[in-house]
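Peer 1: Using the hints provided, position chain B relative to the given structure of chain A.
2 protein chains.
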Amino acid sequence: MEKFEVNILGCGSAKPTTRHFPASQVVNVRDKLFMIDCGEGAQIQFCKSHLKFNRLQSIFISHLHADHCLGLIGLVSTLNLLGRTAQLHVYLPKGGEEVFASVIHFFNWEMTFEVVFHEYDDKVSEVIYEDRSLTVTTLPLDHKMPCCGFLFAEKPSPRHILREMIDAYEIPLSMINCIKNGEDFVLADGRVIPNERLTTPSDPPRSYAYCSDTRYMPALAEKLKGVNLLFHEATFCEEDAQKATSRYHSTASQAAQVARDAGVGKLIIGHYSSRYDDESVLLREALAVFEHTVLARENMCVKIM
Amino acid sequence: MEKFEVNILGCGSAKPTTRHFPASQVVNVRDKLFMIDCGEGAQIQFCKSHLKFNRLQSIFISHLHADHCLGLIGLVSTLNLLGRTAQLHVYLPKGGEEVFASVIHFFNWEMTFEVVFHEYDDKVSEVIYEDRSLTVTTLPLDHKMPCCGFLFAEKPSPRHILREMIDAYEIPLSMINCIKNGEDFVLADGRVIPNERLTTPSDPPRSYAYCSDTRYMPALAEKLKGVNLLFHEATFCEEDAQKATSRYHSTASQAAQVARDAGVGKLIIGHYSSRYDDESVLLREALAVFEHTVLARENMCVKIM
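Chains as they are written, first to last, in our numbering: chain A, 1 to 305; chain B, 1 to 305.
Any copy, or any two copies together, can satisfy a pair, since identical chains are not distinguished.
Restricting the straight-line Cα-Cα distance to at most 27 Å, the calculated cross-link-like pairs of lysine-lysine (DSS-like) are:
1. K303 / K52
2. K15 / K48
3. K3 / K48
4. K3 / K225
5. K266 / K225
6. K32 / K225
7. K243 / K52
8. K15 / K32
9. K243 / K123
10. K94 / K123
Hints listed in this document are in silico derivations from the structure and should not be mistaken for laboratory results.
Looking at chain A on its own, in the form it has when it is part of the complex (with noise of 0.2 Å):
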């Protein structure tokens, strides 16, 4: 099965502890790497987690709070000192490309590659990457301020031919592609071999979701339907309920109710108030409604499967 983790960087929030780094992840689809959320200190964790910097090709911030976004103005300014020359995508809201292009450039007097900013809509539900593989489209929340949430979902992939296959009928390689997306394959003497006989089923698309910063949305669960693995920020324990409404954050229980009416595989929970010492009456508040739930952890990598 193709490499999708995610890898956790940093999962506290705004204020810092000696436990947690403000929030940043890493997904790996297929060896490439795109980054949510880069607060600051995500270059240091990002290395802690043994990833290559030449790898990161894209980075997506949910919103413009210090807490998710201060790590970019470092993390481009090493990226130039290591002499980088591809592009580096950064999809954020409107009114960021002013306020980091500034910087940056006031930081990097010479730049060794280009940094392309692409604002989208916080509005709408939109795709704004996409490759060979992969869509990349945003998840408006409900925060204080414009914030989306993404979800990055496979494309369907080919089907897997049999070598056994190949050899017996000598399917020539310019076939191989087309048998792969489904067409059966005429013999010489015009006898069709049907598709099935040459292929099995390709693995089912996988999807990754993450939702911070946001309030309860019980719509979300909609758009999260039958995702593999959820990220859903759980801010506050339900003691803290009211500050969770009016912060525009979640509790972990609302965070595992998103879960259970998405049917999503499995729930990571992070974003953690620094008032709590440790996270486990938000496992045990999440467990109770959604019973796949983990908590985050700084460098922990999670296998989508």
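Peer 2: Coordinates of chain B only, in the frame set by chain A:
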């Protein structure tokens, strides 16, 4: 003896490693905290060193390279989140206010406190901060861009008055400070009690100098004469001496030469290049020149005696 100590928050250089944070230190003078440089992640390290945000008085930035000042934006955002009301004074080279004031404003629409920027002249050595017990003086360095080190010097403190003499001669409260400052005491009958009988000498004033980033500057030794503790950058080892020169940095043995020529009490080296997996080579080379040398380490606290 009054508190005077240096907390190392980060002693790496520009490229991130899993072992070091970028440059930042906190000088604690009688529980007033003065930060020197503020690399990315300084606020996290500040917490790890168990320092108190509400004791932070001023920040001194040596130069405007990313690894020495990017942490300022996140730190100010956190202080704002904590509801700080006291002014925060930031001393930095010319041009720094413009870039930082606008980014800080972007991430903090409403500020609970004022950041007061003081741009210093990097060409001359001058006192840029002074209070009852301390002066901070700039030390122009030889780097790729305008850059100054800082000399933290205690002011001479008053002599210690002997409690038994206060009782014996019934010295009134109003005279105590005069006597601490060296005056004799005249009794009602005209007899003069010499100051030496009433007091013991004050503690000699102590000093700490921070020199980073810089090429080897032999002339620095003159300005650092008798300093109790010196932090001097030691980015490279002897084998990479040419790189040190061309990149405007120092070797460990050059740092030690400055320390030896200045006759300082103790030397801490830091600002290690990411190329060294462990810094024992730097320590060895420095010790060969100046025996009172130690390696900086994150969250180390060095008392100044």
